[in-house]
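Number of protein chains: 2
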Amino acid sequence: MHFLARVFVSLKPAVNDPQGITVLRALQRLGFSGVQGVRVGKYLEVRLEAADRAAAERQVAEMCGKLLANPVIEQSRFEVAEEAPATH
Amino acid sequence: MHFLARVFVSLKPAVNDPQGITVLRALQRLGFSGVQGVRVGKYLEVRLEAADRAAAERQVAEMCGKLLANPVIEQSRFEVAEEAPATH
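As they're listed, the protein sequences go chains A and B.
FYI, the numbering for the first sequence is 1 to 88, going by the numbering used here.
FYI, the numbering for the second sequence is 1 to 88, going by the numbering used here.
In case anyone wonders, no lab produced these hints; they're calculated from the structure.
Hints are not guaranteed to be accurate.
Remember, identical chains collapse to one label, so a pair may be satisfied in a single copy or spanning two.
What the hints assert, rightly or not - Each computed SDA-like pair below joins lysine to any residue, with the alpha-carbon atoms no more than 20 Å apart:
1) K12 x R47
2) K12 x R29
3) K42 x D52
4) K66 x Q28
5) K66 x A84
6) K42 x A54
7) K66 x G31
8) K42 x A84
9) K42 x S76
10) K12 x R53
11) K12 x F32
12) K42 x H2
13) K12 x E62
14) K12 x E49
15) K12 x E57
16) K66 x R6
17) K12 x G31
18) K42 x I73
19) K12 x A55
20) K66 x L30
21) K42 x F8
22) K42 x A55
23) K12 x A54
24) K12 x R58
25) K42 x V9
Predicted, not measured: the structure shown is a model, and the values here were computed from it.
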């Protein structure tokens, strides 16, 4: 079975985010005066084959712990959805 | 009213993604043999004040078009949710 995992990796709330501050200032300079804060993280789409959804979720959780997120400063969450086999 | 917008920016499907290929190979090297493809994008959390949800959505759509995504090579989508006023 084919699955698409959407993985969201963001800095933990206590971690300083200079990239987010830069985007915040740029938005304010563009006239978006209502913007109060910006945090920048990563968004990954992982396509994988697994026996079932539970197996896919187990694998993605392991990927997050081993490679996709740095557990010291980042937190991750993900959603797994079944997908038709890739045609590309 | 306070809103939290979650913005997902990803490369258009036809655009080459060397970062995604690097992550794919690293996952395969770690033993995740079922992984077939990885695309890497950005995930932004934008906190903003707006009169209502429609106004917040309009602003976030404009931010995506003007700054958060490069419309030539990237596509973006977002979700806006009402939020209790920030206490930090």
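The hints, checked one at a time:
1. Taking the shortest Cα distances, K12 and R47 sit within 20 Å of each other only across copies (16 Å), while inside one copy they are farther apart (26 Å).
2. Proximity of K12 and R29 under a CA criterion of 20 Å is satisfied in neither setting, with 26 Å inside one chain copy and 28 Å between copies.
3. With identical chains, the CA atoms of K42 and D52 are never at most 20 Å apart, being 26 Å at best within one copy and 28 Å at best between copies.
4. Taking the shortest alpha-carbon separations for K66 and Q28, only the inter-copy value of 12 Å comes in at or below 20 Å, while the best intra-copy value is 37 Å.
5. Proximity of K66 to A84 under the C-alpha cut-off of 20 Å is found in neither arrangement, the shortest distances being 27 Å within a copy and 34 Å between copies.
6. Taking the shortest Cα distances, K42 and A54 never come within 20 Å of each other, neither inside one copy (24 Å) nor across copies (26 Å).
7. Within a single copy, K66 and G31 get their C-alpha atoms only as close as 41 Å, which misses the 20 Å cut-off; across copies the closest is 11 Å, which meets it.
8. With identical chains, the CA atoms of K42 and A84 are never at most 20 Å apart, being 25 Å at best within one copy and 25 Å at best between copies.
9. For the identical chains of this complex, K42 and S76 are neighbours both inside a copy (9 Å) and across copies (13 Å), given an alpha-carbon limit of 20 Å.
10. Taking the shortest Cα distances, K12 and R53 never come within 20 Å of each other, neither inside one copy (28 Å) nor across copies (27 Å).
11. Proximity of K12 and F32 under a CA criterion of 20 Å is satisfied in neither setting, with 25 Å inside one chain copy and 26 Å between copies.
12. Within a single copy, K42 and H2 get their C-alpha atoms no closer than 23 Å, and across copies no closer than 24 Å, so neither meets the 20 Å cut-off.
13. Proximity of K12 and E62 under a CA criterion of 20 Å is satisfied intra-copy only: 19 Å inside one chain copy versus 27 Å between copies.
14. Proximity of K12 and E49 under a CA criterion of 20 Å is satisfied in neither setting, with 30 Å inside one chain copy and 23 Å between copies.
15. Taking the shortest alpha-carbon separations for K12 and E57, neither the intra-copy value of 22 Å nor the inter-copy value of 25 Å comes in at or below 20 Å.
16. Proximity of K66 to R6 under the C-alpha cut-off of 20 Å is restricted to the intra-copy arrangement: shortest distance 16 Å within a copy versus 25 Å between copies.
17. Within a single copy, K12 and G31 get their C-alpha atoms no closer than 28 Å, and across copies no closer than 28 Å, so neither meets the 20 Å cut-off.
18. Proximity of K42 to I73 under the C-alpha cut-off of 20 Å is found in both arrangements, the shortest distances being 13 Å within a copy and 17 Å between copies.
19. Taking CA atoms no more than 20 Å apart as the test, K12 paired with A55 passes in neither setting, with 27 Å inside one copy and 29 Å between copies.
20. In this assembly of identical chains, K66 and L30 lie within 20 Å of each other by CA distance solely across copies; the values are 9 Å between and 39 Å within a copy.
21. Proximity of K42 and F8 under a CA criterion of 20 Å is satisfied in both settings, with 6 Å inside one chain copy and 9 Å between copies.
22. In this assembly of identical chains, the alpha carbons of K42 and A55 never lie at most 20 Å apart, being 23 Å within a copy and 26 Å across copies at closest.
23. When the C-alpha separation of K12 and A54 is checked against a cutoff of 20 Å, the pair qualifies neither within a copy, at 27 Å, nor between copies, at 29 Å.
24. In the homo-oligomer, the alpha carbons of K12 and R58 never lie at most 20 Å apart, since the shortest distance is 22 Å inside one protomer and 28 Å across protomers.
25. Proximity of K42 to V9 under the C-alpha cut-off of 20 Å is found in both arrangements, the shortest distances being 5 Å within a copy and 9 Å between copies.
Violation of the numbered hints given earlier is confined to hints 2, 3, 5, 6, 8, 10, 11, 12, 14, 15, 17, 19, 22, 23 and 24; the remaining hints are satisfied by the structure.
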